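Let the sequences and hints guide you as you build the complete structure.
Chains as they are written, first to last, in the working numbering: chain A, 1 to 886; chain B, 1 to 370.
Any given hint might turn out to be false.
[Said to hold, decoys possible] Listed next, the in silico DSS-like pairs over lysine-lysine satisfying Cα-Cα at most 27 Å (straight line):
no.: 1; chain 1: A; residue 1: Lys851; chain 2: B; residue 2: Lys16
no.: 2; chain 1: B; residue 1: Lys217; chain 2: B; residue 2: Lys121
no.: 3; chain 1: A; residue 1: Lys851; chain 2: A; residue 2: Lys181
no.: 4; chain 1: A; residue 1: Lys420; chain 2: B; residue 2: Lys203
[Said to hold, decoys possible] Coverage of chain A stretches by chain B, computed from C-beta distances (three or more under 8 Å per stretch; other residues unrestricted):
no.: 5; stretch: 439-446
no.: 6; stretch: 518-525
no.: 7; stretch: 802-808
no.: 8; stretch: 860-872
[Said to hold, decoys possible] Sample of chain B residues lacking proximity to chain A, with all beta carbon distances greater than 12 Å (derived):
no.: 9; residue: Asp22
no.: 10; residue: Leu23
no.: 11; residue: Thr53
no.: 12; residue: Lys332
The hints are simulated quantities; they were obtained by calculation from the structure and are not laboratory data. Owing to the predicted nature of the structure, the values given are computational and were not obtained by experimental measurement. Where is the CB? At the ideal position from N, CA and C, for every residue including glycine.
So the chains spell out like this:
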Amino acid sequence: MMEDIIPVFEQQVVERVFYNKADFDTLKYKIDIRENSAKEALEKLFEGTDLKYTLYKGQIYITRETPVYTSLPANFFRVEESFTDSEEELPDFIRNQEVVSQTVGVESRLITIGKATGNGLNGNANIAGYIRDINTGEPVIGAVVYIEEPRIGVATDAFGYYSISLPRGRHELLINSIGMKSTKRQILLNNNGKLDIELKEDVIPLREIIVESEKDLNITSLNMGVEKLDIKTMKNVPMAFGETDILKVALTLPGVQTVGESSTGLNVRGGTTDQNLILYNDATIYNPSHLFGFFSAFNPDVLKNVELYKSGIPANYGGRLSSVLEISTKDGNKRKFVGSGGIGLLTSKLALEIPVIKDKLSVSVSGRSTYSDWLLKLVPDESIKNSQASFYDLNAHIHYNINEKNSLYITGYHSDDRFKLNSDTLYQYNNDALTLKWKHVFANKFYGVFTAGYSGYNYKVTSEQNPVNAFDLSYNLGQKNFKLDFNYFSGSSHAFDFGVSSIAYDINPGNLYPRGEESLIIPLEIQSEKGVESGVYLGDKIEINSRMSLYLGLRYSMFNVLGPRDVFSYPAGQPKETSNITDSTSYSSNEIINTYHGPEYRASLRYLLGNDASIKLSYNRMRQYIHMLSNTTSISPTDTWKLSDPNIKPQIGDQFAIGYYKNFRASAVETSIEAYYKTSKNILDYKGGAKLILNEHIETDVLNAEGKAYGVELLVKKTKGKINGWVSYTYSRSLLRTNSENLLETINNGEYYPSNYDKPHDFTMIGNYKFNRRFNIGLNVTYSTGRPITIPLTRYEFNDAGRVHYSDRNEYRIPDYFRMDLSMNIEGNHKVRKLAHSSWTVGVYNLTGRKNAYSVYFQTVDGEIKGYKLSIFGNPIPTITYNFSF
Amino acid sequence: MTVYFLGCVEPYSPPKVDQFEDLLVVDGNVNGTAGEANVYLSRSQALNDLSETKYVSGAIVEIRVQDGATYRLSEKKSGRYYVDGIDLNFGDMVQLYVSDADGSEYLSDFEEYIETPKIDKVTYSSDESNVNFYVSTHDPNNNTFYYKWDYTETWEFRSAYYSGFYYERTDTSVEIYPRRRPDTLHFCYQYDSSTQIILANSKHLNEDIINQFPIAKVGTSTGKFADRYSFLVKQRALSEKTYKYWEMLQSNTESVGSIFDPQPSQLTSNIRNVSHPEIGVLGYFNLYSEQQLRIYLNYRDVTPHFFNRGYRSCVFDTVLVEDMFDELYPPKYLIGALYQQGSVYAYTTSFASCVDCRLKGSNKVPEFWQ
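Structure representation (structure tokens):
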């Protein structure tokens, strides 16, 4: 078969062979190329077929009928610029083989950068620019730009921007990115200059097998414990309601767990759900879920990619202990008006990208809404039949390339959820975010980004069934933040980033008001909380030599608790009980009540072991000044966020991690093993019957705990080919211990106990098989140890009813979790000119119908104790979604 | 907050664990209004040990009024201690004392005997499938805030057929006599009482009012409303501490099974082991005064509905007078007489399950019944 011959060619004869696999499907060949020159071999090989070959610069292009021309028509470059206008003038092969022609053209032309100086070609010069998608003008993030001799490379940042310092002179600049066709540029570097490069999406069935080893990001980057997913990968993962859900996909990554199926709360490497900084285009999102956690609050149609930092978190991030989940949306198509949407069983969505000024200004808007009420009506339970639930979210994004040096990004986001259970109490919550980002390039090597934003989270509970008890309960959290980030690329061996940031928080922990004239509810306003979290950081990425590079970062963060507020005092060493309150101090508006501050160290080291393997080490310390109060195992909509204050100390966490990375088969298979050890301080746990809402002194209901977590994560990932996906296995533990002298303030007598999300064994497989461009199948397999629960071991008879007595916390586990999901994507035809492209996604969630336990519990029913197992999805759930784009 | 979603719930057997805490359970109740004390002593057992409750006999149990009388309880049944004639005044501080056969002594906190406000009204609403009961009360002194309720249901029901006659069988003949109510075996009464913990408070209101608090939801398909139904509400005022105990017991053992369950917590009893303070005690000493209010509902008072009292498959048969001796063996119940030209020629008959309501209840009219 041809596939078997190509590598032989590539190893022994030429660098690369380009061919269309479909052309060879039915042919068989036998040839001994050792005896022949490449030319002779190919002649012989294609004798009697309509296949043509072209040898060019050590590469072979094999096509059917028409050979690839190595010289271009005289007007080719002009034509390319206004391609559509003069289509008739082009020979057929150019239209059909657009990519080949264009690639060959741009790749072989010598580009002169900078004016030649009289000094000859000594020393270094810098090239910088943007890597963009040729179709949409979207920046390509994480593309690698490098040269082979000497080995120098950089990756593009979140703006698709790169800056690389190279020795002056002639180079072949190579550009690789996942999902995009690799390309290269011939450059003559005289002086500092700009070079923007456009990449084509890798969808043309022209298979490229790269013989030369790539500089692969997973091996060479300093990052470890970083998972990056693009939207294309995520769309192939089967989902419960046919809707791509980034948080659910994140759960399939090693080291990321959750307590149960209805929860979008992520537990990253044994951390609590509030220790994740969820950034949506740089805006913090506090409640990332819709509909009790069955959906995540992000519309998949506007997303570009998601990056999850589990360890080695760079110094520019701060504020949460466990992870940073950075969600980036598309910048919007700047060349043509496009739209996309989907119609599913529960939700519908629409996204539009509007180029206002070609190549400069693009506006994207999108919306998503649900009609899940009908689903509730099907449930054979009175209280649910009478329930209502709905949500929607809206996004708007403006990207304006003002000029070469300035670009502006504005993002607005709003999500809204409301549900009424048993037509009584109405719950509403919403997230708001607005960010403005201005990027200014001072010089090739130096740029800065100014970000200002607002994030808000509010919820409201309304009850009006009983006029006497009718009430409104509301909670509001608002944060205003600004930051300045600078990047300075100094020579080839240092890349600095530094900046300052500040976040002002304003929280209303709970206001209770009567609703209606008849209501007798006493208005209650819990005093508001204010605080300012500030940080300053400096990081330096140092290329020590061609094998070793090092990142050193320091962040210094500070938190000021501000008035107006009354703060209770408790005697040192005594339990914080209401009966122990000794004093109350009043602070006036904006008076500093107290200040916490401390350094956060960040360091990573990478050592290359050959071209396809590396070892990495990292250490980071994080500080967190805002805490989620939640006494339930999963995140509930009425969970609240609380700032650190004199009685609630900031959380501090340290993590050490070590990893080994190795790629096989020309980087088609990536493998890694990472191990980590984490400790954390001042984690909040709760006393029995803790009251978290409308509590005027929350410190009397919480306990101070310390955490310890460790684990090993194994990952095998295949990124290319018909079969792709990943398999991961994680062994991890997450333990907590309350530390108080007083027995009343301890859990399990002050011994370590497993956290709610301690699931030692975790196995995940995400597989995807592409039959052809129009049809692919995805399969998920997930297994994990059941989560710990507290089971009563003792029963007794009290007031004519059996009751249970709980003992030590989290001593037992619910049954193990296993689930398999299947999905199929069927694309419409790929004719270029048609009104809309469409695709169907058909899937089955929980294929085996296993009734995975969400919880087990013991309930006194009619005086008798009964044990129950609750499963969220007890059956296979079929889904169908229609997606379209135009 | 309770959210039951698409999920499904299946029975679950607890893991086979023998390790459990063997503790004394004190179920102590002093109803000051009735002047009675009922104290049940038992030992806790393993969750999967489904044997009978292990009552503790031979203990000394006393109700001690601070600066007042001490009442010694006597053991009526194994582990169940009782005394009546307790005379309490509001404001009295009362303590429970237990000394078990091993000599370990247990003491409760001093609890204050507080007055329970009157129940203002008990109301109901109905639809085809349920009748909902609501209770309203208030404290004119604005000083109670915490309430607990129990209820008892009593309902009259009828068997499928009225038995108008009975017979006495001798070796050779059958003698037939007419029946009079209540011996007709047609009208009977059944009882049920609340098993769940029902609590409410008015702490967030600026007046001590409980307005239309839903305390029961009774399914109409049970047939309880087929004839006449009576709903008795018993109300008691609680101290804040006692309320918290019941609230936590409720959240640990009843309000579970939702997606957002809070962590279970350990209860704090008001009774402690004086001899061995490190050993815990389960249960609680409840001291209360009680208010009651009863309402009646007839079938026409609730939304028309279908019900099944288990008499749907009943049929009757006819037995000619001359065949009586043979046909009434095995025994049958006589319903009515069939006349022809002024004399009985046959009786309708049916089985006990269709005639004798005592198989499901008692035909003794309750004392309070109106």
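Here's how the hints hold up against the structure:
| no. | hint | result |
| --- | --- | --- |
| 1 | A:Lys851 - B:Lys16 | holds, 21 Å |
| 2 | B:Lys217 - B:Lys121 | holds, 17 Å |
| 3 | A:Lys851 - A:Lys181 | violated, 44 Å |
| 4 | A:Lys420 - B:Lys203 | holds, 25 Å |
| 5 | 439-446 | violated (count 0) |
| 6 | 518-525 | holds (count 4) |
| 7 | 802-808 | holds (count 5) |
| 8 | 860-872 | holds (count 12) |
| 9 | Asp22 | violated, 8 Å |
| 10 | Leu23 | violated, 7 Å |
| 11 | Thr53 | violated, 5 Å |
| 12 | Lys332 | holds, 35 Å |
Checked against the numbered hints above, the structure violates hints 3, 5, 9, 10 and 11; every other hint is satisfied.
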